[in-house]
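Q: So the sequence lines, in the order shown, correspond to chains X and W. Counting in this note's numbering, the first sequence runs from 1 upward without gaps. Counting in this note's numbering, the second sequence runs from 455 upward without gaps.
Take the hints with a grain of salt, since some may be wrong.
If the Cβ cut is set under 8 Å, some of the chain W residues that face chain X in the computed set are [to be verified]:
1) ALA547
2) VAL550
3) ALA749
4) ASN750
5) ASN761
6) TYR884
Computed footprint of chain W on chain X; a stretch qualifies when at least three of its residues, placed anywhere within it, have a C-beta under 8 Å from a C-beta of chain W [said to hold, decoys possible]:
7) 291-300
8) 364-374
If you're looking for bench data, these hints aren't it; they were derived computationally from the structure. No residue lacks a Cβ here, since even glycine has one placed at the ideal position from N, Cα and C.
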Amino acid sequence: MRKILVVVTAIAVCLTACDSGWGDGAAEPFASRYTGLAGTTTLLTGATVLTGTGERMENADVLMADGKIVEVGVGLKADGAVVVDASGKWVTPGVIDVHSHLGVYASPNTQSHSDGNEATSPVTAEVWAEHSVWPHDPGFVTALAGGVTSMQILPGSANLVGGRGVTLKNVPGRNVMDMKFPGAPYGMKMACGENPKRVYGGRGQSPATRMGNVAGYRQAWIDAADYRDKLAAAEKGKGEAPKRDLKLETLAGVLNGEILVHNHCYRADEMSVMIEIAKEFGYTISAFHHAVEAYKIGDLLAESDICAAMWADWWGFKMEAYDGIRENAAIVDKAGACAIIHSDSGIGIQRLNQETAKVMGAAARVGIDITPEHAIQWITKNAAKSLGIEDVVGTLEAGKMADVVLWSGNPFSVYTRAEKVYIDGALAYDRNDASVNPVTDFSLGTAAATGGAQ
Amino acid sequence: MRALILGLLAIVFVGAAHAETTAIVGATVHTVGPQGTIENATIIVTDGRIVAVGENIAAPAGATLIDASGKVVTPGLFTPYGDIGLVEVGFSAGPVDRVQRGDQFTAGFDIADAFNRRSTLIAINRIEGVTRALIAPSAGGPDDSGNTSHIFSGLASVANLGDGADSIDRRAVALVVNLGESGVSFAGGSRAAVLLILRQAFDEARDYAIHGDAYERGQHSDFSYSVADLEALQSVLAGDVAMLANVDRASDIEVLIAFSREYGIRTIIRGGVEAWMLADELAAANIAVILAPTANLPSNFDRINANLKSAPILAAAGVKIAFADGQSHTHNARNITQSAGNATAEGLPWDDALRAITLTPAEMYGVADRVGSIEPGKDADIVIWPGDPFELTIYADQVFIKGESIPMISRQTLLRDRYLDTDDTRPPAYRN
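Just chain X, with the same shape it has in the complex (with noise of 0.2 Å):
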């Protein structure tokens, strides 16, 4: 655990200050321009606060100011604050989904929005989701309304290797790099089992089976290793740097310990394998997704310090999710090992309270007991852990950014909604209040412009 955060520490240090390693010191292609909405210092009153750092405080205050919590605490006191009287309403961190594909996989859904998946070759590690995203996309909004401060975007899940994720601020910008999580580390996107073998076999290739899966990625991870000797050999003036490579490049970004693997993988046993596999080559998996079966193997998934992402109910719509079951996340957080409830879904990320207020209850009935101030870490500081930006976001503490959510209620009754969500300290949205609400251009005309963020 600990080993892990100063890795992260050391690679955002890196995505912000080092080039790619290529060239002469170029630029780094595609940094993030995000900059924020305009905050001004503001002082929530006499909440119940879950810090989602497991802790539960009554009446408290939070201060937030230059787009960082300065304080949470019993009666704050701030000159020039905005003062907003939360009692009787609950205040948490913003909430972070590790796997959304909102922008790649746009509304409306036509085919021209279709940007999620390179199915033309079973490891595309050398596309970039980011490059896919289209700020425009209405469920960046909606997802707002639902509290979420933060997502990662993936590639879907037809080939082995899909290619980069990116992690954005739900800040819609007028390109991508505008709502770049600053210094958030890239992932990518690995895809277990059904998906890749249906994509390929169907047409006659490679993989066609779970084997043929397997074998796909241990080629790819030894070509990669290929890249990386050569590269680092080079460097030593032992022999020609090899012509750059996205593909391996990007690969090797993840052998190196920059790149954050997030494997789609549903079952116990192929979960299993890709840790073997992860152990062979010598990197690790930050998070398995759609990890339906995890309960099964929480303690393995514990040992390795892998998270899993799972949804709270999802089940028996493929195989591979058919032994899915409603105390998935309880059962691997009692485990020991990190519990995240993701969405893969515009409409289940506008929830991912009452997701896990679901599992909650479940895991109460088996007498697994789940309080609400450590159900909220589930989709705020584990998710932030398995992107690598739980240093700067997921809980509130002192000195990380300003991601607040003001709930009506308790965050995991149905009756609750979001009523103000504030992103680096600036009120991003106000249930009451449409005229803050961001509409994207898509939106204007429509009912969800005429009613604000919906």
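Add chain W to chain X, keeping to what the hints say.
A: Leaving out everything else, chain W in the frame of chain X:
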């Protein structure tokens, strides 16, 4: 687990067990009937039927008493659209019986005989309160041989999720048709052609009604639809069967309202993303809407004006509504309570939301004389909850279908229990 439930319900046998009568005592009962909500109520169930509900009702001697004090009781939930019993695993895993392709049947395709009352989906959904379901045929993409679905998907039935062999409560309650974007691919690419096909089919059914005998005698030119199709269409024209139209766009709904009036068809809309824009017109035409309360994305150009307030807007105008969330109407039909809760949070009165998941679907499909509310004479579909059933952390304590106390076990609870006991070091397959 079983012991836990028994403990929770504190089942007490009084005197000589008389298996046919049960008394559920002490709960807050939302009858969804004329008696409204009753505190500290007693429900008497005999031979699978409700015989009495109210305050201060004495349980007959020999009745099985179920202490439900402090609990909330509702009618069994009714999912108004889906594929329960018609599918096990949706994708790449063998037949999915809801979809029929090819030319042999269209309107007359009757899905009821495909229903599998032993499907894992039944137990998984009923232990969370779902006791009745509309099982509906639907359209799908072309198969490997290029056979396509139709504008008419066929006839839907009402099923109960009990253990009896009498699963189908009422056969052929609605004819599923696909308008708007969903129908265009079956009509040469234009929604105008969809309407022409509808018109031709119903005109032919009228002609068949008049000249069917001549046709039988070989004195009438062939019809383009099969006899099964024409008879299904006739029952729609006669008002015995509703037309259940998959449609979202407001302009398509306007056309549908006019068409339904012209042909005298009783229509129910499913989807209805833009129906809220025509709330008054739909109320006047007595057209009910099955909607997904959370479907607020403009996911295609038929749904540009998607609106989270659809449910309260339609209900306030007097439109009958029921809920089927697009992503969960089959495997997770159980999440219908979440739909109701979200509709409530957006402004629908709580009682209306409960009605939308119980009595209204029963009315839509002509089975409200038997189910949908807790009233004397109706089947005893009853759910005992530990609190507000819409709340996400609340799960049913006990479910009764036609008076039978169903085992609160599913394939999912078995999986859960197997992996809960982390002290058992045997391989999972050797565990319970």
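Q: Run every hint past the structure and note whether it holds.
A: Against the structure, the hints:
With 8 Å as the threshold, the beta carbon of ALA547 of chain W comes within range of chain X, its nearest partner Cβ sitting at about 5 Å, so the hint holds. The interface hint given for VAL550 of chain W is broken, as the beta carbon of that residue sits about 11 Å from the closest beta carbon of chain X, more than 8 Å. Interface hint at ALA749 of chain W: satisfied, since its Cβ lies 7 Å from the closest Cβ of chain X, which is below the 8 Å cut-off. For ASN750 of chain W, the interface hint holds, the least distance from its beta-carbon to any beta-carbon of chain X being 5 Å, beneath 8 Å.
A distance limit of 8 Å between C-beta atoms decides the matter here; for ASN761 of chain W the minimum to chain X is near 5 Å, and the interface restraint holds. Because the smallest distance between the Cβ of TYR884 of chain W and any Cβ of chain X comes to about 14 Å, over 8 Å, the interface hint for this residue is violated. Requiring three or more residues with a Cβ within less than 8 Å of a Cβ of chain W, the coverage given for the stretch 291-300 of chain X holds, as 4 such residues are present. Closer than 8 Å: that is the beta-carbon criterion, and the stretch 364-374 of chain X has 3 residues meeting it against chain W, so the requirement of 3 holds.
Figure legend: structure checked against the earlier numbered hints; hints not met, in rising order: 2 and 6.
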